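Input sequences plus hints: build the corresponding full structure.
Sequence lines, in order, name chains V and C. Using our numbering, the letters of the first sequence map in sequence onto residues 11 to 260. Using our numbering, the letters of the second sequence map in sequence onto residues 81 to 352.
Just so you know, the hints here were simulated from the structure itself, not pulled from any lab data. Every value quoted in this text rests on a predicted model; they were computed, and no experiment measured them. Just so it is clear, CB atoms sit at the ideal spot from N, CA and C, and this is done for glycine as well. Hints should not be assumed to be uniformly reliable.
As the list claims (entries may be wrong) - Far from chain V by the CB rule (all over 12 angstroms, computed), these chain C residues:
(1) 105
(2) 114
(3) 144
(4) 147
(5) 267
As the list claims (entries may be wrong) - With beta-carbon atoms standing in for the labels, derived distance ranges:
(6) V/82 / C/103: 27 to 37 angstroms
(7) C/346 / V/81: 37 to 47 angstroms
(8) C/134 / V/248: 49 to 59 angstroms
(9) C/130 / V/70: 26 to 36 angstroms
(10) V/132 / C/131: 53 to 63 angstroms
(11) C/282 / V/84: 53 to 63 angstroms
(12) V/23 / C/110: 13 to 23 angstroms
(13) C/255 / V/84: 37 to 47 angstroms
(14) V/23 / C/93: 28 to 38 angstroms
(15) V/82 / C/320: 21 to 31 angstroms
(16) V/84 / C/294: 11 to 21 angstroms
(17) V/99 / C/259: 42 to 52 angstroms
(18) V/147 / C/123: 26 to 36 angstroms
(19) V/104 / C/172: 46 to 56 angstroms
What the hints assert, rightly or not - Just some of the chain V residues that point at chain C, by a computed CB distance under 8 angstroms:
(20) 63
(21) 93
(22) 103
(23) 119
(24) 251
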Amino acid sequence: MSAIIELKGVHKTLGNKRVLAGLNLTVNQGETLVIIGRSGSGKSVTLKHIVGLLQPDAGNVIIEGRDTADMSYAELSELRMGFGFLFQDGALLNSLTVGENVALPLREHTRMTDDEIQRMVAEKLAFVGLELHENVMPSVLSGGMKKRVGLARAIIREPQIMLYDEPTHGLDPIMSSVVNELINNMKSKSKVTSIVVTHDMPSAFRVADRIAMLYGGVIIKTGTPQEFLEADDPIVKQFVYGEEQGPITT
Amino acid sequence: MEKERAILPLRFFAGIGDRVTTLWTGMVKPAMEETGFALSVFVNSVLSLRLAFRKRREIMYQVALCGLNGLPVAVIVAFFSGLVLSLQVGSQLLRFGQQSSIGALVAISMCREMGPVMTGNILAGLIGSKMAAEIGTMKVSEEIDALEVMSINPISFLIMPRFLAMCIVCPLLTVYANVVGVAGGFLVAKGILNVGWQAYMKEINTYLMLKDVTIGMLKALIFGMIISIVGCAQGLRAEHGAYGVGRVTMRAVVIGSVFVLVFDWFVGWFFF
Ligand SMILES: Nc1ncnc2c1ncn2[C@@H]1O[C@H](COP(=O)(O)OP(=O)(O)OP(=O)(O)O)[C@@H](O)[C@H]1O
Ligand SMILES: [Mg+2]
Chain V
11 MSAIIELKGV HKTLGNKRVL AGLNLTVNQG ETLVIIGRSG SGKSVTLKHI
61 VGLLQPDAGN VIIEGRDTAD MSYAELSELR MGFGFLFQDG ALLNSLTVGE
111 NVALPLREHT RMTDDEIQRM VAEKLAFVGL ELHENVMPSV LSGGMKKRVG
161 LARAIIREPQ IMLYDEPTHG LDPIMSSVVN ELINNMKSKS KVTSIVVTHD
211 MPSAFRVADR IAMLYGGVII KTGTPQEFLE ADDPIVKQFV YGEEQGPITT
Chain C
81 MEKERAILPL RFFAGIGDRV TTLWTGMVKP AMEETGFALS VFVNSVLSLR
131 LAFRKRREIM YQVALCGLNG LPVAVIVAFF SGLVLSLQVG SQLLRFGQQS
181 SIGALVAISM CREMGPVMTG NILAGLIGSK MAAEIGTMKV SEEIDALEVM
231 SINPISFLIM PRFLAMCIVC PLLTVYANVV GVAGGFLVAK GILNVGWQAY
281 MKEINTYLML KDVTIGMLKA LIFGMIISIV GCAQGLRAEH GAYGVGRVTM
331 RAVVIGSVFV LVFDWFVGWF FF
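Encoded structure:
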């Protein structure tokens, strides 16, 4: 298996907090990697480095063999075409309706007709259970609904790399399963590479080929779900089993 | 005691050094960075004008929005500017018995100066704040990031239509302001200075040059660019939630209004 995304020694300080402190991470073509870690540990920051929304203070982000720091804006744009990104809170454009939000990537980057776009939008919205909300403004949606619209928008161009920031957070158990299935389907049907950030351990175990745990600004362990279940490391164990007592203090 | 006095001058110079450093890191450097950022927003907006045809609907929408918001205020302010201008100039002219030339003086002052500057200042408050708050909210709620990730350039998607709209709206409203201002001036000329319509218009026809109007329009165009670029660039720099949006909105209005006057001076001086 070949590496498609590599983070090498990434350091990042935001405000006066050292968020990433030499993070190393490799994602292989076609796998689903789950990143777990506590709230505020830098998971979203890590994802934003991968799509170039943040640049590392030191270290390298290498996508398909190329360092993103060496890319021009146009090249970075081109690269991002192959990505789907689900933001933690959806990041919908509040001035557009739900349907227009989902249609946006198609309108901007394809020559599809309005009818074709309409059909795709309806299909994806139905998929996330929001077919009746197409003409609604995002501001009236609940958090979980926004996230589902964000998901529909992220997958509409059927990207080859998907990054999900807490895809099941704020969803009910049924919708969570639908999303887990979606992630698994994209892998099996379209060979999509996925990175899933989550605290939801059941979801992590349903979708992960490998799990990486972010702690103290570095990845302290990567391994298969099985390896995580059997981990001896007290930090990993405490997180995976959600124990109150342990080396991680609140 | 002696010792302290000896090092006092040193402390004094060290103090100056510190102040200069604070001035540099606290004011000059951020101001330079901000100017550089605004210039890059400007250049990129101009470059993305080639996409204007594809974005024509959004541009028309922005023109309508800015125009309709600005029109009532611009017209009211221009009307009273015309009244005041006519009264002030007229009262001086009366002393020399030259009140018949009031038409030309009002029209030239309106077209060259008052029309564009008043309109520019109104739009700097009205539209500059609106753009900064709108773009700033999009920035802090990750909407701009979302556009970037979808490979949609926020400059051509959001800023360029606003920029182009203001390049149209500001001169357009200035035309209205000029007409209304000159009409207001006539009311004073007629009612107080006893100058009739024909005399008023004759003076205007004789002395108002095309150049006066075009210089005013050029100013209006430049103000439109300044207001939209300052508003949008400030919005793009918003950070830290609602506080940050409020801050950049205030800055957009202040910087926009000041720059309108500064550029008014430079253009006026250039064509003196
Ligand atoms: N723009 C920023 N400026 C300053 N600090 C920031 C910024 N963005 C993130 N941080 C800090 O970086 C740290 C990591 O943030 P991040 O959003 O990556 O956490 P996370 O692991 O995604 O948490 P959660 O699971 O709650 O989403 C936090 O402590 C946060 O305060
Ligand atoms: Mg997060």
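The hints, checked one at a time:
Every Cβ of chain V is farther than 12 angstroms from the Cβ of residue 105 of chain C; the closest lies at roughly 16 angstroms, confirming the non-interface assignment. Every CB of chain V is more than 12 angstroms from the CB of residue 114 of chain C (nearest about 20 angstroms), matching its label as outside the interface. The non-interface label for residue 144 of chain C is consistent with chain V: the shortest C-beta to C-beta separation is roughly 15 angstroms, beyond 12 angstroms. With a cut of 12 angstroms on Cβ distances, residue 147 of chain C stays outside the contact zone with chain V, its closest approach being about 19 angstroms.
Under the 12 angstroms C-beta cut-off, the non-interface status given to residue 267 of chain C relative to chain V holds; the minimum distance is some 42 angstroms. In this structure the hint that residue 82 of chain V and residue 103 of chain C lie 27 to 37 angstroms apart at CB holds, the actual value being about 36 angstroms. About 39 angstroms separates the C-beta atoms of residue 346 of chain C and residue 81 of chain V, a value consistent with the hinted range of 37 to 47 angstroms. For the pair residue 134 of chain C and residue 248 of chain V, the supplied restraint of 49 to 59 angstroms holds, since their beta-carbon distance comes to about 54 angstroms.
Distance hint for residue 130 of chain C and residue 70 of chain V: a CB-CB separation of about 34 angstroms, consistent with the stated range 26 to 36 angstroms. Taken as a hint, the range 53 to 63 angstroms is violated for the pair residue 132 of chain V and residue 131 of chain C, whose Cβ atoms sit roughly 28 angstroms apart. Taken as a hint, the range 53 to 63 angstroms holds for the pair residue 282 of chain C and residue 84 of chain V, whose Cβ atoms sit roughly 60 angstroms apart. Take residue 23 of chain V and residue 110 of chain C: their Cβ atoms lie about 19 angstroms apart, and the range 13 to 23 angstroms holds.
Under the hint 37 to 47 angstroms, the C-beta atoms of residue 255 of chain C and residue 84 of chain V, about 40 angstroms apart, fit the expected range. Separated by about 34 angstroms at the C-beta atoms, residue 23 of chain V and residue 93 of chain C satisfy the suggested range of 28 to 38 angstroms. Checked against the hint of 21 to 31 angstroms, the pair residue 82 of chain V and residue 320 of chain C passes, with Cβ atoms roughly 30 angstroms apart. Judged by the Cβ atoms, the range 11 to 21 angstroms given for residue 84 of chain V and residue 294 of chain C is violated: they are separated by roughly 38 angstroms.
Between residue 99 of chain V and residue 259 of chain C the beta carbon distance is about 49 angstroms. The supplied range of 42 to 52 angstroms therefore holds. For the hinted restraint 26 to 36 angstroms between residue 147 of chain V and residue 123 of chain C, the CB-CB distance of approximately 34 angstroms keeps it satisfied. For the pair residue 104 of chain V and residue 172 of chain C, the supplied restraint of 46 to 56 angstroms holds, since their beta-carbon distance comes to about 54 angstroms. Interface hint status for residue 63 of chain V: upheld, as the beta-carbon distance to the closest one in chain C is roughly 5 angstroms, under 8 angstroms.
Given the 8 angstroms rule on beta carbons, the hint for residue 93 of chain V holds: about 7 angstroms separates it from the nearest Cβ of chain C. Checking residue 103 of chain V against chain C: minimum C-beta separation of about 5 angstroms stays under 8 angstroms; hint holds. The interface hint given for residue 119 of chain V holds, since its Cβ lies 7 angstroms from the closest Cβ of chain C, which is under the 8 angstroms cut-off. With a cut of 8 angstroms, the hint placing residue 251 of chain V at the interface with chain C is violated, because the nearest CB-to-CB distance is about 33 angstroms.
Going through the hint list in order, the structure does not satisfy hints 10, 16, 24.
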